Amino acid sequence: MNCKYNFKTEPYNHQKTALDIGGHKQSFGYFMEMGTGKSKVLIDNMGMLYQQGEINFALVIAPKGVYRNWVSKEIPEHMSDDIPVRVIRWVSGANKKQQAEMRAVGDHFDGLTIFVMNVEAFSTLKGKQAGEWMARALGSRGLIAIDEATTIKNHQAKRTKNLCKIAQGFKYKRLLTGSPITKSPLDIYAQADFLESGILGHDSFYSFQNRYAVLQKQKMGAKSFNQVVGYKNIEELTHKIDQFSYRVLKKDCLDLPDKLYTVRYVELTDEQAMMYENIRKYALQMFDDGMGNETAIVSAPAVITQLLRLQQVLSGHLKDDDGEFHTFPTKRMDALKEILNEHDGKAIIWSRFRHDIQMITDMLNKEFGEGCAAAYYGDTSDNERNEIVRNFQKSNALRYFVGNPATAGYGLTLTEANLVVYYANDFNLETRIQSEDRAHRIGQKNNVTYIDLISEGTIDE
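All residue numbers for the sequence shown refer to the numbering used here, where the first residue is 445 and numbers rise by one.
Be aware that one or more of the hints could be misleading.
[Unchecked claim] Quick list of in silico lysine-lysine cross-link-like pairs, DSSO-like style, CA-CA up to 30 Å:
hint	residue 1	residue 2
1	Lys615	Lys676
2	Lys703	Lys517
3	Lys541	Lys508
Hints are computed from structural coordinates only; laboratory data are not their basis. This structure is a prediction, so every number in the text was calculated from the model and none was measured.
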């Protein structure tokens, strides 16, 4: 796109191609599989557009577990040293200092200002108003980008409607996702609408649906509705999408490193944070019946037990001293779901906890289709274990291998996966190394991405 641009980190060939094809276009989608470096492509694209005098502001939007990465890792690591840049992060419930930092976005700056927000904020009035102000005040020389763009695939969602409207005020628009279509070809409509209204040749979702979905009228009592029973004209739709996007799969990137490591940050709920502090400080957590009557105690008399309990809290469950399980909300499962929505292929999910493995397997089979996930841990029989490995390597139906690294981390060949997620690590380096090598071994034809789920300031780190 610009031969004079001084890259901070040298791009791979597919990243250069992405910039050459889409870097100059006002509306474009970098549909690049996880691990192929789409964040770097966007950062270089912003730097180039700034250098050419096209933009001086960028609004980068990502899920909660990702948007901090932009501030702490991606931008510092990849933005050219030739570009004067300031980065401001949106904080919900900000203190006075944080509020002052966010308001500084309106102050003059001789360089490129990048404002990073979490996509969930656009479901709130404050987030919507902030986005609208930036579109009005800064959008004429600005770029707006959504990382993990499938977070706006629901055309009826409040944040999708808000972001599509806000995007109209920006000169440049970008989508980043590994898999723009997760469950249905209709997923692409809202994402394309964010880039440009009517870019797919349809001004309404229902017109688009009639063109590409096979509908069947169904009755429920006195009401009737159209149910999608299939899809049509997919080749035509694919051609239209190709006009405003660049698709990259890891298997096509011959110059990528063999192993790619990243993290996904997961916020604790208020309940988790309280329990975590109780066990960290006092090695004790009490549960009551909601009326102040103590019903169960979780104690951690030894340090190793305390470490275990802290990890259980992060996963959303605790076993009390009588052996009973207590579960409570955690955002870790949502983070896993977001990751897999962005991944087009098979994956391994590791956790040291039996309860996690069971819950993850149930969630995946419910979310992505019955039979897509199988659990491999201490309770799995030998016959089942052999069948799971065989089906994972041979069958397209079994996409997710959910296992305990202490049980399944040795000796197995799971080279059909090119994504490995560590939901809850143990403290054993050997099991970590061995479990990584289930996918990265002879027979693996692709690069492998490893993602650790991390709650900041906790034992995860």
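- [ ] Decide if the proposed pair is consistent with the structure: Lys541 and Lys508, CA atoms, cutoff 30 Å inclusive.
- [x] Measuring from Cα to Cα gives roughly 21 Å; hence the hint holds.
- [ ] Compare the distance between the alpha carbons of Lys615 and Lys676 with 30 Å, and conclude whether the hinted pair is satisfied.
- [x] 34 Å, violated
Open item on the list: Hinted pair, alpha-carbon criterion (30 Å max): Lys703, Lys517. Please report holds or violated.
Closed with: 18 Å, holds
Checked against the numbered hints above, the structure breaks only hint 1 and satisfies the rest.
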